[in-house]
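Visitor: Going down the list, the sequences are from chains A, B and C.
Using UniProt numbering, you'd call the opening residue of the first sequence number 1 and step up by one each time.
Using UniProt numbering, you'd call the opening residue of the second sequence number 1 and step up by one each time.
Using UniProt numbering, you'd call the opening residue of the third sequence number 1 and step up by one each time.
Any given hint might turn out to be false.
What the hints assert, rightly or not - Computed Cβ-Cβ distance ranges for the label pairs, DEER-style:
#, chain 1, residue 1, chain 2, residue 2, range
1, A, E81, B, H254, 57 to 65 Å
2, A, H214, B, E21, 53 to 61 Å
3, C, H162, B, S247, 58 to 66 Å
4, B, H254, C, E405, 54 to 62 Å
5, C, Q16, A, N294, 34 to 42 Å
6, C, G50, A, R292, 40 to 48 Å
7, A, P392, C, K14, 39 to 47 Å
8, C, R58, A, G367, 35 to 43 Å
To be verified - Covered stretches of chain B (chain A as the covering partner; in silico rule of three or more C-beta atoms under 8 Å from a C-beta of chain A):
#, stretch
9, 172–180
10, 233–246
Derived by calculation from the structure, the hints in this document are not laboratory data.
All residues carry an ideal CB built from backbone N, CA and C; glycine is no exception.
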Amino acid sequence: MRKQTISKKTSGVGCEYVGQSGTLGRLAHCTPIVATAMPAPSSNPLADLPPNVQQEISKLLAKLRRRQLLNSLDVARKTLEIMRLLVATSAAAQATDVNSLIKLIKRAGAVMVTAQPHELVIGNMVRRVLAIVRDETRDGGNKPFKAGDAAAASGGDAASGGEQTVHVAGPSLMSLLDAPEALDYSRQSLKALKGPIIEGIAEVMEELSTVSAHIAEQAIQHIHANEVVLTHGRDPTVEAFLKAAAKKRNFDVIVAETAPGGEGQQMAVALAEAGISTTLIADAAVFAVMARVNKVIVGAHGVMANGGLIAAAGSHLLALAAQHFSVPVVACAGLYKLTPLFPSGPDSFNMLLSPQPMLRYDEGLQGVHVPNPAFDYVPPELVALLITNSGPSHTSYIYRLLAEYYHPEDQDLSEVHG
Amino acid sequence: MPAVSKAASKAAAAYTSFLAEDPVAGPSAAAIKALTESIKGSSATTIMGLSEVLREAGAALSSLRDAPMSIASLCELFVRFITRTALEARDFDDIRRLLIERGEMLARTTIEARSKIAKIGAPFVDAGGVVLTLGYSRCVVALLLAAAKTKHFSVIVAESHPQGDGHTTAQQLAQAGVPVTMVEDAAVAYVMTRCQMVLCGAEAVLESGGVINKTGTYQMAIVAHAFKKPFYIASESTKFARLFPLSQNDLPEHESAREHAAFVGRGPPPPPLIAEKPSRDYTPPNYVQLLFTDLGVLTPSAVSDELIKLFD
Amino acid sequence: MQHDDKKSVAKLQKQQVAKRTPTQKEVPLFAHLPQYEKDTGLSAAAVAKGSIHPAVLRLGLQMAEGIISGSNARVVGMLRAFQQVISDFEPPPAKVFSRELDACLKLQIQYLVDCRPQSMAMGNGIKWIKNKVTVAPPHLPDEKVKEMLVESIDQFIAEKIHIADEAIIANAMSRIAPGDVVLVYAASYVVERVLLHAYQSGVTFRILVADAGPKFEGRDLMARLLAAGLRCTYVNLHALSYTMPEVTKLLLGASSMLLNGTLVARAGTALVCMLAHSHGVPALVCCETYKFAERVLLDSICFNELGDPDELIPPPLRPATGVAGSAPATAPAPTAPPAAPAAGGGVTTASAGGGGTGSVADWRDIPRLKLLNLLYDATPMKYLTMVVTEVGVIPPTSVPAVIREASAREGV
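Based on the sequences and whatever the hints tell you, model everything.
Guide: Put into structure tokens, the structure is as follows:
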């Protein structure tokens with residue numbers, strides 16, 4: 001077992017934190033104390049970026065380290081702002097062609113992701129921007145990029161002609177015989193494309209602001225009269241979802257208190273004050289009440305490429321109990337939480353927090369290991385439905401959504417071609 | 001007509017010789033080369049003619065014993081390409097030349113496909129974990145060797161009696177310094193609790209998202225499912241085949257040349273005893289977590305999507 | 001339990017020794033079970049009546065406050081108190097001794113139930129003592145009968161609890177192998193002793209103590225284990241999924257085991273068993289045979305115990321002696337159960353936060369909010385691997401067989 005010693009600020013005397021026993025490789029996904037594998041080991045990896053961008057990145061990372069910025073939506077927005085700034089000021093970094101811009105974006109993204117690997121939306125937004133850049137380049141900056149167009153364009157001839165006849169996001173069975181990707185990004189000038197790229201980023205930001213509303217307006221289709229809904233934690237998307245349904249339907253909600261943070265308690269109060277008949281229970285009673293629950297509705301911190309969820313700790317227990325009683329589990333998450341990465345168990349993209357809420361240091365207990373993971377991994381077979389701002393889908397459909405919004409070359413942000 | 005069937009038999013002969021020439025490349029590459037050869041050697045002058053030639057060559061190859069089941073989709077790939085390039089109003093000679101060029105390119109890239117698969121699949125092997133596999137698959141071995149470069153882990157190989165392909169896997173891994181344990185096929189359930197993941201190759205990846213592979217694969221997948229261990233498949237995309245079996249009885253007829261494991265050293269089965277020797281079994285998609293292919297990491301539903309796009 | 005039937009409720013209220021206030025906000029799902037406010041002055045009415053033995057008075061209060069908790073402790077406490085009641089019992093002259101004693105005991109039991117609903121094991125104990133009283137030979141002088149009953153109780157406790165525990169500990173210890181990672185949940189007397197004995201006999205194994213609110217009984221267990229020198233990991237329920245892959249065995253105590261193989265235990269046990277099952281971890285239940293109950297439960301709702309809903313409020317905000325909403329720095333230690341609350345029923349706290357959105361502490365003021373504190377849950381048989389009893393190690397399917405054997409022997 002490998003011990004992680006976290007700075008004195010968060011740990012304190014008398015308690016040790018131990019990660020998952022055995023597998024060193026898995027721990028690489030837990031919050032590292034020092035950023036690993038920087039491209040330029042001796043100098044500042046952000047050195048190539050324009051100075052104001054470097055500043056913004058440092059500010060964002062500092063906030064995240066101090067856990068001052070916890071809402072994924074805000075993190076996503078901030079990341080997009082940084083990306084927009086980077087594109088706008090890319091001339092200051094001597095980037096005149098698309099390839100250099102892509103490298104810069106990837107560099108910035110890799111640094112941010114390495115510093116906060118569990119904050120999945122950062123990587124997601126960076127990849128969205130990269131997809132916008134690639135698609136604008138391909139389209140010659142003629143028409144504004146819309147995410148749905150990628151799917152529409154595949155299977156038919158795109159306007160670009162030549163030997164590249166079909167545009168699909170990445171390798172596909174159909175294109176096996178096609179010539180390898182002929183688009184050389186280093187030959188494409190950035191000047192004409194800057195405008196459309198920034199417009200594309202603005203569209204994504206616009207999408208972010210409507211995520212909650214679009215998910216909430218689907219609520220009425222999924223909650224019927226006099227249902228008993230079980231939830232936990234305090235995900236703003238889920239809260240909006242339930243409140244929207246309550247405007248038209250009468251139903252009961254049972255909220256699990258979600259120790260140790262107690263977010264469930266706040267959720268219960270908020271829902272009750274909105275006029276929903278709410279019952280607050282302890283986390284331990286979830287199995288007991290599940291016999292009378294019709295649906296489990298949870299939020300997610302991230303949706304992985306295999307359809308699994310990274311969700312608030314305790315979600316896996318909730319989902320397993322629901323499976324026992326054949327209760328469907330519905331996950332509400334905006335598309336910005338969709339990640340092209342695959343998980344490898346409960347350690348993936350997880351974060352071990354201070355044990356302070358469970359055992360205080362002055363209780364005088366020495367030598368106790370107290371794991372406090374922030375998230376759980378919920379395998380896709382336990383999730384019946386994923387509701388995103390673009391509609392409901394089954395977890396097995398995730399790969400399609402991923403192909404629409406991300407480009408496979410951007411899977412690994414630290415890998416740069418050419 | 002005689003001319004056509006001669007071409008078909010030439011294709012079959014070409015396949016056998018390509019396979020013998022370069023066994024490392026595998027049957028898919030040999031099949032692609034054989035199809036390309038048949039184009040080179042054909043005297044067709046129209047698009048339809050070319051497509052016919054390809055289809056006949058494909059049929060001839062499919063009838064060979066131990067031919068890869070993906071021949072049909074490989075043919076389809078070529079035919080599709082012809083149709084698409086034809087739409088660009090090129091002249092026939094141009095199309096033919098392009099087709100031959102691309103066919104040769106595809107044969108080359110098929111070999112590279114294995115290193116792509118190894119690269120994307122290697123991160124799924126946990127350091128300190130145990131990987132369970134069955135028999136011998138070039139993709140699986142490549143993947144494990146790639147993972148071994150950066151991590152320590154061990155492998156359990158089920159022998160796959162009586163051909164004993166597992167021994168080849170064990171040897172290649174042991175040479176690279178990976179600790180290998182050899183077990184009998186019957187011991188798979190016994191060792192499953194120790195394993196972190198199960199990885200197998202495939203003879204064909206099907207439209208349902210399931211796979212056809214050597215007998216014993218389905219069993220291993222069921223045991224992995226019972227123990228909640230992930231079951232992964234490593235396979236090139238040239239093995240995607242447009243089949244959708246509903247049960248084990250739906251598989252294409254295939255008579256394997258190998259011995260019957262139950263009668264090794266016992267002579268032929270005495271009547272009224274009936275000996276059944278299925279050479280392949282079908283693993284349905286709900287037992288497969290992910291497929292590592294040169295098109296990327298795919299879920300079984302993504303596989304059917306790819307095949308639908310190709311054939312519709 | 002028919003608390004949703006008006007006639008039954010009326011009848012019960014007439015019988016009650018200590019008057020309980022029905023809760024302000026009843027949870028409709030559990031309308032068939034008693035839901036009371038946390039009452040003070042439980043003993044006042046009983047003392048006034050004068051018919052409750054002081055030992056029983058004390059026991060009732062201790063159980064209501066949670067000072068005595070856990071099946072074994074409560075059963076032993078109850079039987080010891082009954083020993084005193086029997087010894088001190090003076091029947092009115094010219095009356096049948098056993099009938100009078102039976103009526104007296106009924107009153108004591110009613111008081112105990114008013115303080116805190118009986119557990120299933122207690123129910124078994126009550127049935128047993130009543131049976132003993134009924135079959136007491138009528139020709140014997142009263143003193144002799146008293147002696148006999150007191151001795152029977154001693155024997156019951158010795159045989160069914162102390163000696164049984166020794167056997168269970170021996171059986172369970174043999175199942176802990178070197179290198180095992182043993183998970184336990186909340187606090188169980190027998191499980192604690194199994195762990196201590198295994199440690200003392202030199203077996204090297206690791207312990208994970210799983211725990212959950214609102215009672216956090218695992219903390220006390222862990223403190224005792226640490227004091228004895230064992231190394232532990234403390235796992236709150238939300239962290240259980242993260243740590244479960246390392247676990248090799250699950251060791252549980254029980255409140256009761258039922259005819260359909262269901263385990264009744266502290267709320268949260270079902271979740272732990274289910275998670276263990278999904279990871280292939282065997283679940284061992286340590287349960288004395290006297291706890292086997294002749295009833296069945298399909299879920300945790302038909303029969304359960306509802307505790308004080310205020311326990312769900314985080315300690316810093318609880319309506320304890322005037323420190324509502326105070327800063328966490330002065331919060332009482334989380335292990336202490338809420339001391340005699342100044343607010344009995346229905347008194348709301350002055351929400352220190354005030355203003356717009358309320359906090360959970362004000363739940364009584366928020367009309368649509370109810371709090372539910374379930375004490376037990378029922379774990380289905382399929383998640384249990386083995387039951388360790390004093391008659392040996394049995395699969396959960398054999399529980400009804402053991403019950404029938406026992407009742408055949410007792411002639412009950």
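Visitor: Give a verdict on every hint.
Guide: These are the hints, each one checked on the structure:
1. E81(A) - H254(B): 57 to 65 Å: 60 Å, holds
2. H214(A) - E21(B): 53 to 61 Å: 58 Å, holds
3. H162(C) - S247(B): 58 to 66 Å: At roughly 60 Å between Cβ atoms, S247(B) and H162(C) fall inside 58 to 66 Å, so the hint holds.
4. H254(B) - E405(C): 54 to 62 Å: With Cβ atoms ~58 Å apart, the hint holds.
5. Q16(C) - N294(A): 34 to 42 Å: 37 Å, holds
6. G50(C) - R292(A): 40 to 48 Å: 44 Å, holds
7. P392(A) - K14(C): 39 to 47 Å: The hinted range 39 to 47 Å is violated for P392(A) and K14(C), with Cβ atoms some 56 Å apart.
8. R58(C) - G367(A): 35 to 43 Å: This hint holds: roughly 38 Å between Cβ atoms.
9. 172–180: Not satisfied, violated; 0 residues make the cut.
10. 233–246: This one holds; 3 residues, not fewer than the three required, reach chain A with a Cβ under 8 Å.
The earlier numbered hints that this structure contradicts are 7, 9.
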